[in-house]
Amino acid sequence: MKRDTLQLWLQIIGLVLILYIFLVSIGLLGGSFKLFGKDLAKQLIEMTSNPLVGLFAGILATTLAQSSSTTSSIAVGMVAGGALTIEGAIPVIMGANIGTSVTNTLVSMGHITRKEEFKRALAGATVHDFFNLIAVLILLPLEIATGYLQHLSEKTAALFQGMGGMKFANPLKTITEPVIKWLIELLGANPVACLVVALIIMYLALKFLVDLARGVVVQRAERYLHKYLFDAAPTAMLFGIVLTIMVQSSSITTSMIVPLIGAGILTLEQVFPFTLGANIGTTVTAMLASLATGNIAAVTVAFAHLFFNVTGIAIVYPISQIRQLPLKMARGLAEVTSRSRVYAFVYVICVFYLIPLLLILVWR
Amino acid sequence: MFKEIIQTGKRTTLLYDAIYEVLGMLGRAERMFGLACGNLLENEDNSAEVQREDREINTVERIVRRMIFEHLTLNPQQDLPTSLSLLIIVHDIERSGDYAKSLIELSEWANLDRSASIHADSCRALQRAIAPLFSQVIEALRDSNTDLARGVMRQHEAIKEQSSALIEQLVKDDGRSNDTVPFALAARFLRRISAHLSNVASSVVNPFDRLSGKEA
Numbered sequence: 001m002k003r004d005t006l007q008l009w010l011q012i013i014g015l016v017l018i019l020y021i022f023l024v025s026i027g028l029l030g031g032s033f034k035l036f037g038k039d040l041a042k043q044l045i046e047m048t049s050n051p052l053v054g055l056f057a058g059i060l061a062t063t064l065a066q067s068s069s070t071t072s073s074i075a076v077g078m079v080a081g082g083a084l085t086i087e088g089a090i091p092v093i094m095g096a097n098i099g100t101s102v103t104n105t106l107v108s109m110g111h112i113t114r115k116e117e118f119k120r121a122l123a124g125a126t127v128h129d130f131f132n133l134i135a136v137l138i139l140l141p142l143e144i145a146t147g148y149l150q151h152l153s154e155k156t157a158a159l160f161q162g163m164g165g166m167k168f169a170n171p172l173k174t175i176t177e178p179v180i181k182w183l184i185e186l187l188g189a190n191p192v193a194c195l196v197v198a199l200i201i202m203y204l205a206l207k208f209l210v211d212l213a214r215g216v217v218v219q220r221a222e223r224y225l226h227k228y229l230f231d232a233a234p235t236a237m238l239f240g241i242v243l244t245i246m247v248q249s250s251s252i253t254t255s256m257i258v259p260l261i262g263a264g265i266l267t268l269e270q271v272f273p274f275t276l277g278a279n280i281g282t283t284v285t286a287m288l289a290s291l292a293t294g295n296i297a298a299v300t301v302a303f304a305h306l307f308f309n310v311t312g313i314a315i316v317y318p319i320s321q322i323r324q325l326p327l328k329m330a331r332g333l334a335e336v337t338s339r340s341r342v343y344a345f346v347y348v349i350c351v352f353y354l355i356p357l358l359l360i361l362v363w364r
Numbered sequence: 001m002f003k004e005i006i007q008t009g010k011r012t013t014l015l016y017d018a019i020y021e022v023l024g025m026l027g028r029a030e031r032m033f034g035l036a037c038g039n040l041l042e043n044e045d046n047s048a049e050v051q052r053e054d055r056e057i058n059t060v061e062r063i064v065r066r067m068i069f070e071h072l073t074l075n076p077q078q079d080l081p082t083s084l085s086l087l088i089i090v091h092d093i094e095r096s097g098d099y100a101k102s103l104i105e106l107s108e109w110a111n112l113d114r115s116a117s118i119h120a121d122s123c124r125a126l127q128r129a130i131a132p133l134f135s136q137v138i139e140a141l142r143d144s145n146t147d148l149a150r151g152v153m154r155q156h157e158a159i160k161e162q163s164s165a166l167i168e169q170l171v172k173d174d175g176r177s178n179d180t181v182p183f184a185l186a187a188r189f190l191r192r193i194s195a196h197l198s199n200v201a202s203s204v205v206n207p208f209d210r211l212s213g214k215e216a
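Just so you know, the protein sequences line up as chains Z and C, in that order.
In terms of the numbering used here, the first sequence opens at residue 1 and continues consecutively.
In terms of the numbering used here, the second sequence opens at residue 1 and continues consecutively.
Hints were generated in silico from the structure; no laboratory data involved.
Wrong hints could be hidden among the right ones.
[To be verified] No farther apart than 25 Å at their CA atoms in a straight line, the calculated lysine to any residue pairs in the SDA-like style are these:
no.	chain 1	residue 1	chain 2	residue 2
1	C	K101	C	R114
2	Z	K115	C	R65
3	Z	K207	C	N75
4	Z	K115	C	L72
5	Z	K227	C	L23
Computed from a predicted structure; not experimentally measured.
Using the sequences and the accompanying hints, generate a full structural model.
Structural data, given as structure tokens:
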């Protein structure tokens, strides 16, 4: 066997192993919330009953962990453990979508010493932020008023269950459950210890999963990136979905194109559909996590994540005037920051850290 | 340097594609050179074709730059010397195309006496010496053939002397004609084309910081 082939196989085996550890951590997280009992669950549910608190908690948690997959997987685990309702989890998931776009904005700061390059890079990065903000501004009030995401996700999850989807996912639960039980026993069924261990394992597993997937996928994807990002919008969007599913991180896929925008090789219009595709692709991690829990409410939350992104695109992308909004806002911010680059830092600190933190403190 | 990328498991990278674009670019430059010399020394009308090839070469240069940038953005730790060398090589090939275009311009401006001119024969000799260098450079790059690359660099030294001798002869010639300046310029342009090919060949034998120079 050639060295490269052997290396590829080892990487794939490593990926499967880490994915298994990740699924175990989700089960352990759900288990730890069950161990905490009904009192904590009641408190947490009450806290997230204000959707705005949920939204800003989602933003803040994701910007701190630099991973929406971590936040959405925690939400899924909490729903499975009964510590969060589907209704309370949806704004958290929406917040995770906004929070994840901080990574590529931070990456664009790498161009800060070159004015024109930075202007392009920042616009390319923040188009993702503005799309997510607009989607939340439209869909969160709609969700609060109608509960459309919850209904749609519940119906789809029920359909999925009816079609035998949960039975299909049963082996995931079967192979993870003995290890989860063993870990809970090992930790003396202490809920705090279980929660801390679950969070640590989940964070590390996701980190290694993304790093390894990046190593396996990105080198092989560069030719496709060259081909499809310059292609028509639907192709670029589809490429964004597929690449993000493979890398398991929209932060990685949207960040890696920032230098290309900075250099002027890619335009804002070319990368926009790609970032939207990344939004859809990133929902797969929570979907996997939910299937491993074997809990229908957790699967519903994962579907809500998917439908939120799909409806966001369906509302914003088809109509030219609305589609232009995030592009104009990104260009506007880039124009302002080109006058004084301090505004870029002010934007990141306020939108992703300060405002969410203050509003959580005020509304909790 | 390129052989390893062509032969090993890096066929999925953009660098592999960029190498083939560069080899194709050299083929176009060879064709441009033949057409331009035909225009200048054999009174052919190849101007439109040379212009077309030049535009193609400029386009491919941009494509290769983009490919290298994308490759380095996604895989910054991989093949850095090869990537940077390719950027220099495409520029050398593009410049050789520009000199071929200059030969065309020269033949359009000057009404050269091509048939009985001793200077035209000297330029033909230079053309004959330079023409095989293109295929040798392509082979040297593709196969990382250091012997062939060194051969190209040696041949360029001989062409340089040949060209200098012709220019000196033209400058010192007492019975200067209207053809003196155009042929001196033609000798200079031919020498520059040879020099750019030697620069490309140097990438096979020289370390990165000594590219476009004599063998280290």
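So, going through the hints one by one against the coordinates:
1. Taking the CA atoms of C/K101 and C/R114, the gap is near 19 Å; set against the 25 Å cutoff, the hint holds.
2. Restraint check for Z/K115 and C/R65: the C-alpha separation of about 22 Å stays at or below 25 Å, so the hint holds.
3. Between Z/K207 and C/N75, the direct Cα distance comes to roughly 19 Å. Compliance with the 25 Å bound is thereby established for this hinted pair.
4. For the hint linking Z/K115 to C/L72, the alpha-carbon distance of about 22 Å falls within 25 Å, and the restraint holds.
5. For the given pair, Z/K227 sits about 20 Å from C/L23 by alpha-carbon distance, which is consistent with the 25 Å threshold.
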